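K.L.:
Spelled out, the chains give:
Protein chains: 2
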Amino acid sequence: MLNNSTNTVGLVAPQTMHFDEALMLECGKTIEQYDIVYEAYGRLNEKADNAILVCHALSADHHAAGYHSENDKKPGWWDICIGPGKAIDTNRFFVVSPSNLGHCSGSTGPRSIDPKTAKAYGPDFPIVTVRDWVKYQKRLADRLGIKQWAAVAGGSLGGMQALQWAIEYPDAIRHAVVIASAPKLSAQNIAFNAVARQAIMSDPSFYDGRYYDYDTVPTSGLKVARMLGHITYLSDDAMGDKFGRALKNEQLNYNYGVEFEVESYLRYQGESFANRFDANTYLLMTKALDYFDPAAKENGDLSAVFEKVKAKFFLASFTTDWRFSPERSREIVSALTDAKRDVSYLEFESNHGHDAFLVENDDYIDAFSAYMNNIEVSK
Amino acid sequence: MLNNSTNTVGLVAPQTMHFDEALMLECGKTIEQYDIVYEAYGRLNEKADNAILVCHALSADHHAAGYHSENDKKPGWWDICIGPGKAIDTNRFFVVSPSNLGHCSGSTGPRSIDPKTAKAYGPDFPIVTVRDWVKYQKRLADRLGIKQWAAVAGGSLGGMQALQWAIEYPDAIRHAVVIASAPKLSAQNIAFNAVARQAIMSDPSFYDGRYYDYDTVPTSGLKVARMLGHITYLSDDAMGDKFGRALKNEQLNYNYGVEFEVESYLRYQGESFANRFDANTYLLMTKALDYFDPAAKENGDLSAVFEKVKAKFFLASFTTDWRFSPERSREIVSALTDAKRDVSYLEFESNHGHDAFLVENDDYIDAFSAYMNNIEVSK
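If you read the protein sequences in the order shown, they are chains B and A.
Each residue of the first sequence is one higher than the last, beginning at 18 in our numbering.
Each residue of the second sequence is one higher than the last, beginning at 18 in our numbering.
By construction, these hints were calculated from the structure, which means they are not laboratory data.
Just so it is clear, the structure is predicted and the values come from calculations on it, not from any experiment.
Even for Gly, the Cβ is constructed at its ideal location relative to N, Cα and C.
Please note that a few of the clues may not be correct.
Stated by the list, open to error - Computed, partial: chain A to chain B, Cβ under 7 Å:
id, residue
1, Ala57
2, Ile144
3, Gln205
4, Ile207
5, Ala216
6, Pro221
7, Thr233
8, Ser237
9, Val241
10, Ile248
11, Phe260
12, Val279
13, Glu280
Please construct the entire structure, taking both the sequences and the accompanying hints into account.
P.N.:
Dropping the structure here:
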C-alpha cells in the first residue's frame, strides 16, 4: 500500500504517445502506426543526460514503480529498485518505462485494432524481436528529447534489451544494466517456451489466435503455460523451503484435486495470470526470447558484436537461477572482456531463482545502487 | 532389430495372470479382481532363489527386454541391462517384469472394464500408490512360487518400488537396486506433475476422464504433458549438444510454426506418446510419484524406516540428472548408513540427465554387472 512511505515515486499514471512513422520489423513486415504506453518517474534535467530506460521482461509492463491508486496492493514490478534514494534514484534520474510493442496493456499489440481491417490484429500481429523493441524505444527516446540514455536497465528479457541497445545504438547509451539475463536462449529454454506455446495453441478456445472474434479466451492453455513458467522462475530450493510437501488439507484425499500446497499455489498463479494477460502477447514474448541471438550475425562470436559497443556494463546474476544461470551471464562478461569493454559483474547468493532480480536483497541492491550512484549526470 | 545377436533374450511374449482375491488399496478402496500382465526371461531354478523383479517407471511397461516380433525396431525398455551376459544376466537369473496396476498395456487399469458397471473404469479407477504396487507384485511372486526375490530392481519410479519392497517385505527381498531415484518428490517435482495433469485435465476431450465414452482421446493435453516430461528427463547440456539452436529449416520463418530443431523433436515425442499412452494412466502414475514418501510414517525419518530392512542395496545416480539428482540418492544412502544397512552407491558421469539409466554407459553397466554377479544363487 502507498501509505506515507518516503521512498516511493507515489501515485503515477501511464502516458500514451502515438507514432505515425512506420516501423519496419525484423520479420520483414511493417507496423504503420502504433501507440507506446509508458510511465515516467523523476525529472529530465536540462541537458537531458539523466534519463534511464527501464525495459520489462516477459510478463511485466510499463508499470515499473509507484502506485496507480491509493488502494493498490502492490507497487510496480521493480519498485524495490526505482524511487527516491533507491538504486535507480528518482531524485537524480528521469526514468522512462514503456510497454513493448505487442503487449496487451496499452501499447499496440495483438489486441489492438488493425487500421486496415478495423478488427483486432490477433494472430496477424507481426512477430517482434528484441531488436524491433529497441528501435521502437529509440523512437520514444527521440520524441522525449533524449539523445543518450544515462543507462538502459532490465532483468531477464529486459536485460536482453539493454544488451541490444548497447549494440544497436552505441552512441545513445552510456551504461547497460543487464541482470539475470543471457546472450541467447539454450535448447532447454526454447523447449520450455515451445511447451508453453503448445499449451496455448492447442486450447480449443484459441481459434488460431482469433479468439477475440469468438468472445472467448484460451485461459486453460495460458494457465498451463504460466504454471510451467512459474516453476522455471523459482529455484528448487525456494520451492522446497516455501512449500516442501506440505498438504493443502490436513490429510491426503487420494483424488485429482489439489493435494499439496505447491499445486494450490501454482493453480492460483496460473489462473490469476490467465485472467489478466493476453495469450497472443504471451506467444509473441516467448518468440522474442527464442529469436534473441545478437551474436548470430557474427557466427556466434559475441565479442565481435561488442567491438563497436561504447557503453559500460553492469551485470548481475543469482546463484539459484536455473532459467538464466550465472554461467549465462559469465558468457556475456567473457565476451565483453575479450572485446576490452568496461564491465562490472557480480554474482549474488539468493534462494529466489530467476525471480531474484525482483526480490529485496541487500547485497544486490547495495551493489546496484553503488553502480548507479557513480553514473555522472549534470545538475 | 533382433538379427542374430547373442546377448538378447530374443522373442518374448507377455503373459497374463488373473487374480480374484481383492486388493485393498492405500486410498481405502478395493480392486476386487485384476489381471497382471508380465514378461519373464530366463529360468527359475529349483530353489526359486534366482528371481529378479524388474519394476518399470512412469511411461514404460512389462516389456523390459527382447522383441515382440522379428520386425520390432526397438527392444524392451531395459534391454541394455537384461539378457544373456548382461548386468541382469538371464543365464543366471529368472527375470519377472510386470506392468503395474493402473497401466494401459494389459494389466488392469482405467481402460479396463469395471465388472460392476460393465464399462471402462475411467476416472473411477482408484488412485494407486507405490505401496499398492508392491503388494500387487507380491501376489504375483506368491503365484509364481517366489518366496524371496534375489533382487528387486528399477530406475526412477521403478527404484521407488525396489525401495518399498525392502521396507514392506524385508524377508522377501535380498537386494534392492535403486537407480536414479529419490526417497520422495520435491516441491518442484510435484509442481511439474501438477502442470502435466493440468494440461491433460483441461483438454476438453478429457471429459473428466470419461473420454472412452465419447470415443475421443485428450491427445493435446497428453502431448503437452509428455513434451514437458521429456524436458525434465534430458539434461540442459544434452539438449544443448543434441540440438543447440539449430534451425529446422535453413532460415528463420518468424511465425508460430516449428523454428528450432528442439521444438520439432519435442512435438514428435509428444505426439507419438499421446498416440500410444492412456491419459488416465498417465495421471495415475504421476499421482503415485507424488504420494511416494515412505518416511512420512516416521515423521520424515527415513533411517527409522530402514531399521527393519534386511536387503542389501545398490544405488546409482547420474551427474546431469536434475529430475532426481545425485543428492536425492545420497539422501537414501545416508539414511541407510545411519540405519547401519549394507549399501553400495555410485555416481556416474553422464550427459543424459534422468534418462541416463536407460542409456548404454560402460561405467554404469560394469558396476551394475559386478554387483549383480556377486548375488549368490543356487544352481
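K.L.:
Each hint: holds or not?
P.N.:
So, going through the hints one by one against the coordinates:
no.: 1; hint: Ala57; verdict: violated, 32 Å
no.: 2; hint: Ile144; verdict: holds, 4 Å
no.: 3; hint: Gln205; verdict: holds, 4 Å
no.: 4; hint: Ile207; verdict: holds, 5 Å
no.: 5; hint: Ala216; verdict: holds, 5 Å
no.: 6; hint: Pro221; verdict: holds, 6 Å
no.: 7; hint: Thr233; verdict: violated, 12 Å
no.: 8; hint: Ser237; verdict: holds, 4 Å
no.: 9; hint: Val241; verdict: holds, 5 Å
no.: 10; hint: Ile248; verdict: holds, 5 Å
no.: 11; hint: Phe260; verdict: holds, 4 Å
no.: 12; hint: Val279; verdict: holds, 5 Å
no.: 13; hint: Glu280; verdict: holds, 4 Å
Hint violations for this structure: numbers 1, 7, all remaining hints satisfied.
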